[in-house]
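Fit chain P to the known structure of chain A by using the hints.
If you read the protein sequences in the order shown, they are chains A and P.
The opening position of the first sequence corresponds to residue 2 in this note's numbering, with each subsequent residue numbered one higher.
The opening position of the second sequence corresponds to residue 2 in this note's numbering, with each subsequent residue numbered one higher.
Hints may contain errors.
Copies of the same chain are indistinguishable here, so a pair counts whether it falls within one copy or spans any two.
Distance condition first, Cα-Cα at most 25 Å in a straight line; then the derived DSS-like pairs of lysine-lysine [claimed, not checked]: (1) Lys214 <-> Lys170; (2) Lys249 <-> Lys261; (3) Lys246 <-> Lys261; (4) Lys28 <-> Lys261; (5) Lys261 <-> Lys153; (6) Lys28 <-> Lys153; (7) Lys300 <-> Lys261; (8) Lys327 <-> Lys88; (9) Lys170 <-> Lys203; (10) Lys327 <-> Lys222; (11) Lys203 <-> Lys63; (12) Lys216 <-> Lys61; (13) Lys214 <-> Lys261.
Hint data in this document are derived by calculation from the structure and do not stem from the laboratory.
Number of protein chains: 2
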Amino acid sequence: MGNTIRIGIVGYGNLGKGVLQAIEQNKDMQAVAVFTRRNPTDLHIDNSNVEAVHLSELEKYKGKIDVMILCGGSATDLPEQGPSIAKLFNTVDSYDTHAEIPQYFAAVNEAAEASGNTSVISVGWDPGLFSLNRMLTEAVLPNGETYTFWGKGLSQGHSDAVRRVDGVKAGVQYTLPNESAMDRVRSGENPTLETAEKHKRKCYVVAEEGVDKAKIEHDIKTMPHYFVDYDTSVTFITEEELREKHSKMPHGGFVIHSGKTGNDEHNQIIEFSLKLESNPEFTASVLVAYARAAYRLNKEGQVGAKTLYDVPPGLLSQRTPEQLRKDYL
Amino acid sequence: MGNTIRIGIVGYGNLGKGVLQAIEQNKDMQAVAVFTRRNPTDLHIDNSNVEAVHLSELEKYKGKIDVMILCGGSATDLPEQGPSIAKLFNTVDSYDTHAEIPQYFAAVNEAAEASGNTSVISVGWDPGLFSLNRMLTEAVLPNGETYTFWGKGLSQGHSDAVRRVDGVKAGVQYTLPNESAMDRVRSGENPTLETAEKHKRKCYVVAEEGVDKAKIEHDIKTMPHYFVDYDTSVTFITEEELREKHSKMPHGGFVIHSGKTGNDEHNQIIEFSLKLESNPEFTASVLVAYARAAYRLNKEGQVGAKTLYDVPPGLLSQRTPEQLRKDYL
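Okay, chain A solo, but in the shape it has when bound:
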């Protein structure tokens, strides 16, 4: 500790911007450069100490950056960037295609191990802190069930689906946890619950002029996969209202583990929840804490791909192990 950790940011969308802001809250870190596929002069970075650099120049920063935080998307950016940048730098990313994580881990691990770098993958809140709690609570109470509820949160995929409906000019969709399902879980009942029983969907829609709103509502509520199985509500609003009240990116959710101890006689409930006014800024904050851990793991010679499960929690903290034992235990 003591040294400033030099950070590079790859990608400058909402997540990359959040990372830059989060680094300013961590006095042991410094943002060096933002890498982009766009024209670097178009980025308009608030902090004049941070360079905007074309992605093709990345390799020139070897030795000048300790950890690259990869802020691209999981669909196309990270499958390519994760392994290729792990060949050059320690990395942290928020890869979130759950089904493909084993393959992604293997590809990043091969690149990072070969070059002596450390890469922490799939960091954020889900995957991320929620995953940590799912694992931890089951390890402590193996005789139990774990439930994940999402919301209240803006869902990008479902908002896109709403906007594709005929006659819809603009709109957003919020996923909400079903309170009565949560109460059943919190009571220790251990119910079997499908995703659709755990969540509700609320749509706020701006309709095109003169269209049939009843038809729009019907089209949304019966949309396969996205809405048909859910308790869905559709509210029509004006463009002004959409802009004023629905332009933020809130999200959150709950991981609830309900276990039994003794001779199955005592209910024990563990709950972890997030209520986030800005989803990308929170994900960015988690990435930055794990960048500190990646740097320290690498200093200890722990190379290759890692997940949150491999990282001793103390490595995330700005504080020394002595301080943590004295003031936080």
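Chain P alone, transformed into the frame defined by chain A:
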């Protein structure tokens, strides 16, 4: 992994009994023996595969036990047993005298390092999972405040204080979080709160026959340190009601971290909570999961004293790293 982890239990009060029951939920573990200062034949252990052994015979179990779970108290048992047993075995304990943790850590570390053993200290929920969340949430959102609320829970110390009041035959005291203080924290207000503002105290008292109940209530509510600063209620009940409704050991609480991101504009709330019907059985379950980690850390050559901050979370799980990545991330 694959090998059965052989566990010894030192002390057979509520915590030791909880550890024995928790081990039965973990199929990669086996309880070998319970060690006691009492006459071993007096223990009445339910499981006939588990020996009852006098504490003086502990050393004979070297090579037969992988991890000793120390279930004694923090006031007098652990300061002596922690270092002395760490010379012989890997250990896990729930040392909870917050102010003395640095000294205790040093003593256990010296003993464990010298003998090549691994000792995880101060495991449970506070210190324990609450400590982990206090540290983790501050690392992720350094621009914020962390609040710990306890309850609803039976407090042993405060129950003892109630029972010492003149005219009190029996009684219990519950600590409750102050809901309005919690709501202020959850709103992102970041208030300054004293312990007394965060909690309420509820006493259930059986009075001796013919005594002045008003005086008892007054004596409790004005007791220095324990009650005078708190919103305290006193309810008189019968012995039957005390036995029927107040013989369990529930506890729990909340760690709430309220941070800001962006240009201080977005509130981000992280909350971790426990609702436990049996405090000792839950603490025991955490100890057992960390016994698995102690065993694995020792196999990796990581010797000396450790806290939760030093333990990669994946080491707590019965599952392999591959399973965790595939099914839990």
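Right, here's what the structure says about each hint:
1. Within a single copy, Lys214 and Lys170 get their C-alpha atoms as close as 12 Å, which meets the 25 Å cut-off; across copies the closest is 70 Å, which misses it.
2. For a Cα distance limit of 25 Å, the shortest separation of Lys249 from Lys261 across copies, 15 Å, qualifies, whereas the shortest one inside one copy, 40 Å, does not.
3. For a Cα distance limit of 25 Å, the shortest separation of Lys246 from Lys261 across copies, 20 Å, qualifies, whereas the shortest one inside one copy, 43 Å, does not.
4. When the C-alpha separation of Lys28 and Lys261 is checked against a cutoff of 25 Å, the pair qualifies only between copies, where the shortest distance is 16 Å, while the shortest distance within a copy is 43 Å.
5. Only between protomers do Lys261 and Lys153 lie at most 25 Å apart by alpha-carbon distance; the minimum there is 18 Å, versus 29 Å within a single protomer.
6. Within a single copy, Lys28 and Lys153 get their C-alpha atoms no closer than 32 Å, and across copies no closer than 38 Å, so neither meets the 25 Å cut-off.
7. Within a single copy, Lys300 and Lys261 get their C-alpha atoms no closer than 41 Å, and across copies no closer than 30 Å, so neither meets the 25 Å cut-off.
8. In this homomeric assembly, Lys327 and Lys88 come within 25 Å of each other (Cα to Cα) only across copies, at 24 Å, whereas the closest approach inside a single copy is 39 Å.
9. Proximity of Lys170 to Lys203 under the C-alpha cut-off of 25 Å is restricted to the intra-copy arrangement: shortest distance 17 Å within a copy versus 57 Å between copies.
10. In this homomeric assembly, Lys327 and Lys222 never come within 25 Å of each other (Cα to Cα): the closest approach is 55 Å inside a single copy and 33 Å across copies.
11. Neither within a single protomer nor between protomers do Lys203 and Lys63 lie at most 25 Å apart by alpha-carbon distance, with minima of 47 Å and 62 Å respectively.
12. In this assembly of identical chains, the alpha carbons of Lys216 and Lys61 never lie at most 25 Å apart, being 56 Å within a copy and 80 Å across copies at closest.
13. Taking the shortest Cα distances, Lys214 and Lys261 never come within 25 Å of each other, neither inside one copy (49 Å) nor across copies (39 Å).
Of the numbered hints given earlier, the model fails hints 6, 7, 10, 11, 12 and 13; all others are met.
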